[in-house]
Each structure stands twice: as structure tokens, then as C-alpha cells.
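Chemist: Please build the complete structure, drawing on both the sequences and the hints.
Position in the sequence shown counted from 1, then plus 6, gives you our numbering.
Misleading hints may appear alongside valid ones.
Claimed, not checked - No more than 27 Å apart at the CA atoms, straight line, and that leaves these computed lysine-lysine pairs for BS3-like:
{"no.": "1", "residue 1": "K40", "residue 2": "K211"}
{"no.": "2", "residue 1": "K222", "residue 2": "K211"}
{"no.": "3", "residue 1": "K114", "residue 2": "K94"}
{"no.": "4", "residue 1": "K51", "residue 2": "K25"}
{"no.": "5", "residue 1": "K221", "residue 2": "K194"}
{"no.": "6", "residue 1": "K97", "residue 2": "K147"}
{"no.": "7", "residue 1": "K22", "residue 2": "K157"}
{"no.": "8", "residue 1": "K147", "residue 2": "K221"}
{"no.": "9", "residue 1": "K22", "residue 2": "K56"}
{"no.": "10", "residue 1": "K41", "residue 2": "K115"}
{"no.": "11", "residue 1": "K51", "residue 2": "K115"}
{"no.": "12", "residue 1": "K204", "residue 2": "K221"}
{"no.": "13", "residue 1": "K56", "residue 2": "K97"}
{"no.": "14", "residue 1": "K114", "residue 2": "K211"}
{"no.": "15", "residue 1": "K220", "residue 2": "K76"}
{"no.": "16", "residue 1": "K40", "residue 2": "K115"}
{"no.": "17", "residue 1": "K211", "residue 2": "K157"}
{"no.": "18", "residue 1": "K157", "residue 2": "K115"}
{"no.": "19", "residue 1": "K222", "residue 2": "K51"}
Simulated from the structure, these hints should not be mistaken for lab results.
Here the structure is a predicted model, which means the values were calculated and not measured.
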Amino acid sequence: MEKNTRSQNIQLMFNKIAKKYDLMNCIMSLGNHKKWEQEIVESIKLNANKTDKILDIACGTGSLTQEIIKNSSNDQVIGLDFSNAMLKIAKNTVSNLILGDSHYLPFKKNYFDHITIAYGIRNFENITQSLQEVNYVLNNKGTLNIIEIIKPYNNIKSFIFKLGFFIFAPLFGLIFSHNFSAYLYLPKSSNSFLTENKINSLLQKNGFNKITTKKKAFGSVILLNALKSN
Numbered sequence: 007m008e009k010n011t012r013s014q015n016i017q018l019m020f021n022k023i024a025k026k027y028d029l030m031n032c033i034m035s036l037g038n039h040k041k042w043e044q045e046i047v048e049s050i051k052l053n054a055n056k057t058d059k060i061l062d063i064a065c066g067t068g069s070l071t072q073e074i075i076k077n078s079s080n081d082q083v084i085g086l087d088f089s090n091a092m093l094k095i096a097k098n099t100v101s102n103l104i105l106g107d108s109h110y111l112p113f114k115k116n117y118f119d120h121i122t123i124a125y126g127i128r129n130f131e132n133i134t135q136s137l138q139e140v141n142y143v144l145n146n147k148g149t150l151n152i153i154e155i156i157k158p159y160n161n162i163k164s165f166i167f168k169l170g171f172f173i174f175a176p177l178f179g180l181i182f183s184h185n186f187s188a189y190l191y192l193p194k195s196s197n198s199f200l201t202e203n204k205i206n207s208l209l210q211k212n213g214f215n216k217i218t219t220k221k222k223a224f225g226s227v228i229l230l231n232a233l234k235s236n
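Modeler: What follows is the structure, encoded as C-alpha cells:
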């Protein structure tokens with residue numbers, strides 16, 4: 007599988023910041039990222055059995071994966087990421103990990119009951135292809151839960167978003183992870199990412215319905231839950 011230059015650059019970036027990734031998440035979210043992850047876990051619990059198979063795509067260091075495992079059978083939860091450095095850290099707490107790409111998921115049709123993607127879909131080279139892959143490996147009426155950073159609609163909230171992400175994110179990235187460019191990418195990619203309506207539309211076009219959303223952090227973080235259509 008060949009990767010284009012953008013995917014390679016993103017992969018390299020995550021490999022470089024892996025050791026400081028969790029610290030930066032905590033700083034940038036003011037510690038709220040764990041609360042958002044817990045909401046995803048609670049959403050899964052509403053529809054899940056202990057034996058359900060769960061895939062965490064773009065699992066990174068395994069932060070969300072760990073939370074899911076606490077509420078599931080360990081051998082039924084798999085984390086997947088394309089960053090070797092991230093997975094090396096995740097191995098400390100997660101046993102089932104796969105080095106892989108969301109565009110080419112190495113699983114059988116209808117294999118998983120629930121799939122999660124936290125802060126990853128914005129980085130996918132081809133979101134449509136990735137969603138089609140998710141739909142393929144997800145069981146009928148299986149759930150997809152997404153956490154992502156988006157640009158707020160409201161002008162005042164948008165100003166706060168730009169202030170925090172375009173100024174403080176790169177600054178904190180330089181101070182704490184010694185990587186200015188990686189945390190300059192964060193606001194740029196979030197600012198140019200799809201709106202909530204476009205995300206919903208894309209989900210519907212690729213076989214998902216009953217989409218619900220919650221907004222956090224002045225509307226800059228969105229939690230989505232969707233059901234695979236029959």
C-alpha cells in the first residue's frame with residue numbers, strides 16, 4: 007500500500023510527537039478530553055454487550071482504547087493506528103493493537119459491533135473511502151462514535167477558537183513537545199475541516215443514519231454517534 011506525501015507527513019508528525027501527545031491533549035483540552043472519551047464509552051455501553059467486538063481507529067497512544075477496555079472484554083477490543091511510535095506507547099496498556107490504515111481495514115465484513123474514531127477523521131486523506139471501510143467491517147445496526155475538532159459557527163466562539171488554537175496551540179507545542187509545526191497543523195486542519203452539516207451528510211451518503219451530535223469546548227469539539235443503516 008503506497009502512501010501519498012500528505013499521509014506520510016502526517017504519519018511522521020505523529021511519530022515525532024508521540025511521547026508528548028497525551029500531555030498536550032491534556033493541556034489543550036484543559037483536562038476535558040477524558041470526560042469526552044467517557045461520553046463515548048457511555049454511548050457504547052447503551053448499545054453493547056460484554057462480548058461485542060470494538061475497533062478504535064486512529065487509537066494513537068490508546069487513551070480512548072483503555073477506557074473502552076475497562077467496560078469490555080479485553081480480547082474483544084482492538085486499537086488501530088498508522089503511527090508506530092504511538093502504538094509503542096499504547097502497548098503499555100492495550101494488548102490488541104494493529105499497525106494499519108483506515109483506508110484499508112484488514113477485517114472481514116460485518117466483523118465489529120462498534121467503531122470509534124477520536125481526533126482522527128480530520129487527518130484521513132480520503133474520508134469517504136475510510137467511512138466506506140468502516141461501514142464494510144461494521145455489523146448491521148452497529149454504532150460509529152467520533153470525536154473531532156471543528157471550527158465553531160458562532161463568530162465570538164470562532165474568535166476564541168482561533169485565539170486558542172492558532173496562538174496557544176503552537177506555543178504550547180513548542181514549549182512542551184518542542185514541535186511548533188505539529189501544533190500549527192492542528193489549528194490549520196481544524197479550521198479547514200468539514201462543518202457539522204457536511205460531516206452528517208457524508209455519514210448519510212456512506213451508509214449511516216440516526217446521527218446525533220454534542221458540542222463541547224465553545225463548539226470546537228464535536229461528539230457524533232451514528233448507526234449503520236441496514
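Chemist: Hint by hint, say whether it matches the structure.
Modeler: Results for each hint:
1. K40 with K211: violated (31 Å)
2. K222 with K211: holds (25 Å)
3. K114 with K94: holds (25 Å)
4. K51 with K25: violated (30 Å)
5. K221 with K194: holds (20 Å)
6. K97 with K147: Given pair K97, K147 is violated - Cα atoms ~30 Å apart, limit 27 Å.
7. K22 with K157: holds (26 Å)
8. K147 with K221: holds (24 Å)
9. K22 with K56: violated (36 Å)
10. K41 with K115: violated (32 Å)
11. K51 with K115: holds (23 Å)
12. K204 with K221: holds (15 Å)
13. K56 with K97: holds (22 Å)
14. K114 with K211: Cα-Cα ~22 Å, so holds.
15. K220 with K76: With a Cα-Cα distance of about 23 Å, the restraint between K220 and K76 holds, given a limit of 27 Å.
16. K40 with K115: Measuring from Cα to Cα gives roughly 31 Å; hence the hint is violated.
17. K211 with K157: holds (22 Å)
18. K157 with K115: violated (34 Å)
19. K222 with K51: The hint holds at about 21 Å.
Comparing the model with each earlier hint shows violations of hints 1, 4, 6, 9, 10, 16 and 18; every other hint is respected.
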